[in-house]
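Student: Given next are the chains, with one letter for each unit.
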Amino acid sequence: MNWQEFFAMGGYAFYVWTSYGVTLLVLLAIAVLPVIQRKLFLKELAHKMKRMKKS
Amino acid sequence: MFLIPDSVGRFFHRMASPPHFYAFTGRLLPWLTAIFIILTAVGLYGGLFLAPADYQQGDSYRIIYIHVPSAWMSLFIYVVMAVAGAIGLVWRIKLAEIVMISSASVGAGFTFIALLTGSLWGKPMWGTWWVWDARLTSELILLFLYLGVIALYGAIDDKRTASRAVAILAIVGVVNIPIIHYSVEWWNTLHQGPTVSKIDKPSIHVSMLIPLLTMAVAFKFYYLVAMLQRARTELIQRERNSQWVKGLIE
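Just so you know, the sequences run in chain order A and B.
Residue numbering for the first sequence is 1 to 55, as defined by the numbering used here.
Residue numbering for the second sequence is 1 to 250, as defined by the numbering used here.
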């Protein structure tokens with residue numbers, strides 16, 4: 001089987017690859033967003049603590 | 001707890017302590033992520049390359065490798081969420097509440113994926129994106145339950161009160177789980193009946209079954225990864241005034 005045939009998915013390329021593409025995006029977003037949020041939160045908290053120490 | 005070995009009891013007792021949970025899951029997550037990625041690579045290689053096309057559905061059936069595991073996860077995570085909610089209600093364990101609410105977004109994601117991939121599979125096979133049959137409708141209600149849980153948690157400022165309200169909603173919603181599972185047997189649905197869970201003789205060839213089960217295990221690991229990432233964020237936000245969270249910064 002060559003690659004062209006593989007990507008064509010027997011004529012169902014749109015349905016199959018949309019399914020896989022959206023799944024990838026949704027799963028990536030759900031796992032990565034909390035990591036970004038945590039980094040931002042800790043950064044903000046560090047800022048706050050610095051200011052508290054100064055005053 | 002005479003049935004639980006002492007070491008296991010000690011493990012859960014320690015895990016209920018927020019700083020210990022935070023440190024332990026931080027060490028665990030790279031491993032869980034690696035296992036998820038490897039299993040997904042193996043499962044997709046088997047499903048997309050090795051497995052033959054279906055004799056009736058051609059290559060469109062390959063959506064099964066994400067559709068069915070996602071649908072299983074949507075039910076599994078709901079039950080975990082409700083059980084964690086019940087534990088939080090009865091024993092007031094903060095970490096049970098956090099596991100409960102952290103499961104909701106992952107469960108909602110899998111439910112959405114199950115519905116969307118089902119629709120993308122239904123269009124070429126049934127000739128329609130959507131029908132109001134029992135399986136599809138009850139799965140849609142599951143999505144609304146997850147979204148209700150997330151919205152209710154966000155609407156109440158005091159997170160301990162929010163957790164109790166959410167736990168009750170989650171537990172009541174469990175009634176929907178057997179309805180989804182048995183919908184294809186109780187009602188005449190356009191959705192096909194079970195092909196895998198007939199243990200004695202699954203009506204699916206082994207070259208298709210193995211990648212499917214591999215993907216199911218991979219998604220279990222994904223759930224652990226995503227849920228724990230959310231839980232760690234939720235935990236430090238809730239405990240922002242405690243010494244151990246301040247200790248993370250210094």
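These are computed hints drawn from the structure, not numbers from a lab.
Be aware that one or more of the hints could be misleading.
Claimed, not checked - Below, simulated DSSO-like cross-link-like pairs (lysine-lysine); rule was C-alpha separation at most 27 Å, straight line:
no., chain 1, residue 1, chain 2, residue 2
1, A, 48, B, 94
2, A, 53, A, 39
3, A, 48, B, 159
4, A, 54, A, 39
5, B, 246, B, 123
6, A, 54, A, 43
7, A, 43, B, 94
8, A, 54, B, 94
9, A, 43, B, 246
10, A, 48, B, 246
11, A, 54, B, 246
12, B, 94, A, 53
13, A, 53, A, 43
14, A, 43, B, 159
15, B, 94, B, 246
16, B, 123, A, 53
17, B, 246, A, 50
18, B, 123, A, 39
19, B, 246, A, 39
Stated by the list, open to error - Residues of chain A placed beyond 10 Å of chain B at every Cβ, according to the derived structure:
no., residue
20, 2
21, 4
22, 51
23, 54
24, 55
All C-beta atoms in this analysis are idealised placements derived from N, C-alpha and C, irrespective of residue type, glycine included.
Student: Are there hints from earlier that the structure breaks, and if so, what are their numbers?
Tutor: 5, 8, 12, 16, 18
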